Amino acid sequence: MSIYMINVATQIIIQAIAACGLNIIVGHAGQISLGHAAFVGIGAYSNAMLTTAGGLTFWQALPISLLIVGLIGLLCGLPSLRVKEDFLAITTIGINFIVVAIFQYTPALGGALGIGGIPNVSFFGIELKARAFFWLCLLFLLAVLAISWFFTKSWLGLSCFAIREEETAASSMGVSPVRAKLSAFVLGTLMAGLSGILYAHYMKFISADSFTFPFSVTLLSIAVVGGLGTLFGPVVGAVVLGILPEVFRPLVDYRMFLYAALLLMMIRFLPGGLLGGSDLLSVKSLRKRKALPLKGGGKIDR
Amino acid sequence: MTDKILSVKDLSINFGGLKAVDNVTFDIGRQEILGLLGPNGAGKTTCFNMISGVYKPTSGEIYLNGKRTDGMSPHQMAELGVGRTFQVVKPFSGLTVEENVIVSLGMPQYNKFIKSWKFWNTQANKKAAENILKTVGLDGEATVKAGLLPLGNLRKLEIARALALAPTLLLLDECFSGLRHEEIRIIEDLIRRIREQGVSILLIEHNMRVAMGISDRVVVLDHGRKLAEGTPSEVSADPAVIEAYLGKGETADVA
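Protein chains in written order, with the working numbering: chain X, 1 to 302; chain R, 303 to 557.
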């Protein structure tokens, strides 16, 4: 692979990791979040600060950053216990703006200049350059996918699905909405944080602009295009939306137009995403769907 | 206290200026089927929602097995052994019938956070779900998405989910509404079998004939107040009840 392709692939993987986290919050637990970029940013800034000003290595900083993101994720998950749907969407947008403002106006965080000079990741004394860093990111993506899979198979995951489908009924069936929602929020923000951490060490320089609201929308598009609530949806979405801008490069002026058109077509013709809807285990339910054809395209849930 | 599974004392709730339920008192004995009747808007479902923890009463007390439970959250009530169904069915549409039941089965097994990371897809859970589905007559539908079931089966599924909590008290909210005669008979039979297993049942019913047929005792609500209480034959002869249902001056047979 050329270095250009390695770069594109690394960016896709980093976005896929964040989208996996968003998929847990939105796809599995059904809690809309439009502020996911904030948590990517918090992860990135934490690790950037710890490895530059703090003088720690990537591996020393990683658990501390994840802890920070997790705690903030827990705090930001609290509104989801009170507000639902549109109101939760607005609240999470608000969180995004607040976090970006804090990055921008705190001199200790570099203010508008951002943080530069973030070191390369090294592994047992060997500095990981582009190609090796790509493999490291891929490894993290596999870990995130494994955790996502485990989550859907765990009782906690099942209780999140129940909350997503019908919250009142779920709580009367013994599911604690507090635990289910907060677990999903924390798990989702941890994945966002991890994505941000990798992003910081990939770019070597970060500033608040990278984590603004439009990036949250991009992440949601990735999750939706791939298929909310599916295991591989976020990866497929990240690949499709990551490669398209590169493919459309000759049409640079019309890039955003084509991108928007694609999203609209998706919503119209494939509302469940490429991997097929809010189905939990897409392959298994595809098989089921064949055996049990529905009228009119066959989307009944939600 | 021990012969009563549930005691409701002077229960009231206000929504703004509206007194939806006003000083309602009743008890349910062990293995009793108590019918909660009343015209539309009488406060039956609101009563249910207070007992199952969805609403917090403005005043009054609820005791389950002698333990005060008003103000507890729905999942705590489920943990204490109160299973319920919903008047407007609320299936987990995107999940299969089996998964719907396993959600309820999980509560006693995984109620601690660490335990909740265990797999739910175990043989034991599938077996238990299968047994419950057999009890309600939904075996064979286990792998179907709940959202695809017709109403009759959804009502059965609601009961199956509530049964999966291994309840001591079952709250059934209009579990016959919208069903055909033969389906009503099947569910009536099911309710009697559930009672045989030692479960007390509080059921809301709109259809007087069905409710009178199945209940040991009935409580009639009207405009949030308790209008009458007693055996079905006593209550159906009560002029106040006839008036609430049919209006003054009517003498038609309401039983």
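Bear in mind the hints are in silico, worked out from the structure with no lab data behind them.
Only a predicted model underlies this, so the values are computations on that prediction, with no experimental measurement involved.
Be a bit skeptical, because a hint or two may be false.
[To be verified] If we take Cβ atoms under 10 Å as the criterion, some of the chain X residues that face chain R in the derived model are:
(1) Asn120
(2) Phe150
(3) Lys153
(4) Leu156
(5) Leu158
(6) Arg164
(7) Ser171
(8) Arg179
(9) Ser221
(10) Pro250
(11) Asp253
(12) Phe257
(13) Ala260
(14) Ala261
[Said to hold, decoys possible] With a Cα cut of at most 35 Å, we get these calculated DSBU-like pairs of lysine-lysine:
(15) X:Lys84 with R:Lys420
(16) R:Lys311 with X:Lys153
(17) R:Lys428 with R:Lys392
(18) R:Lys414 with X:Lys153
(19) R:Lys306 with X:Lys84
We put the beta carbon where it would ideally sit given N, CA and C, even for glycine.
To see whether the hints hold, each was checked on the structure:
A cut of 10 Å between beta carbons decides the hint on asparagine 120 of chain X: the least distance to chain R is about 35 Å, and the hint is violated. Interface hint status for phenylalanine 150 of chain X: upheld, as the beta-carbon distance to the closest one in chain R is roughly 8 Å, under 10 Å. Interface hint at lysine 153 of chain X: satisfied, since its Cβ lies 5 Å from the closest Cβ of chain R, which is below the 10 Å cut-off. Hint status for leucine 156 of chain X: holds, given a least beta-carbon distance of 4 Å to chain R, under 10 Å.
Given hint, leucine 158 of chain X at the interface with chain R, holds; its Cβ is 5 Å from that chain's nearest Cβ, closer than 10 Å. At its closest, the beta carbon of arginine 164 of chain X sits 8 Å from a beta carbon of chain R; the interface hint therefore holds under the 10 Å criterion. A cut of 10 Å between beta carbons decides the hint on serine 171 of chain X: the least distance to chain R is about 4 Å, and the hint holds. Against a cut-off of 10 Å between C-beta atoms, the interface hint on arginine 179 of chain X holds, since the closest Cβ of chain R lies about 7 Å away.
With 10 Å as the threshold, the beta carbon of serine 221 of chain X stays out of range of chain R, its nearest partner Cβ sitting at about 22 Å, so the hint is violated. With a least beta-carbon distance of about 41 Å to chain R, the hint placing proline 250 of chain X at the interface is violated under the 10 Å criterion. Because the smallest distance between the Cβ of aspartate 253 of chain X and any Cβ of chain R comes to about 41 Å, over 10 Å, the interface hint for this residue is violated. A cut of 10 Å between beta carbons decides the hint on phenylalanine 257 of chain X: the least distance to chain R is about 34 Å, and the hint is violated.
With its C-beta approaching chain R no nearer than about 29 Å, alanine 260 of chain X sits outside the 10 Å limit, and its interface hint is violated. Because the beta carbon of alanine 261 of chain X sits about 29 Å from the nearest beta carbon in chain R, more than 10 Å, this interface hint is broken. Taking the CA atoms of lysine 84 of chain X and lysine 420 of chain R, the gap is near 28 Å; set against the 35 Å cutoff, the hint holds. Distance restraint check for lysine 311 of chain R and lysine 153 of chain X: the Cα-Cα separation of roughly 43 Å exceeds the 35 Å cut-off, and the hinted pair is therefore not satisfied.
This hinted pair checks out: lysine 428 of chain R and lysine 392 of chain R have alpha carbons roughly 22 Å apart, not beyond 35 Å. Pair hint lysine 414 of chain R plus lysine 153 of chain X holds up; C-alpha atoms about 17 Å apart against a cutoff of 35 Å. Of the supplied pair hints, the one linking lysine 306 of chain R and lysine 84 of chain X is violated, its CA atoms being roughly 39 Å apart against a limit of 35 Å.
Hints 1, 9, 10, 11, 12, 13, 14, 16 and 19 from the list above are not met by this structure, while the remaining hints are.
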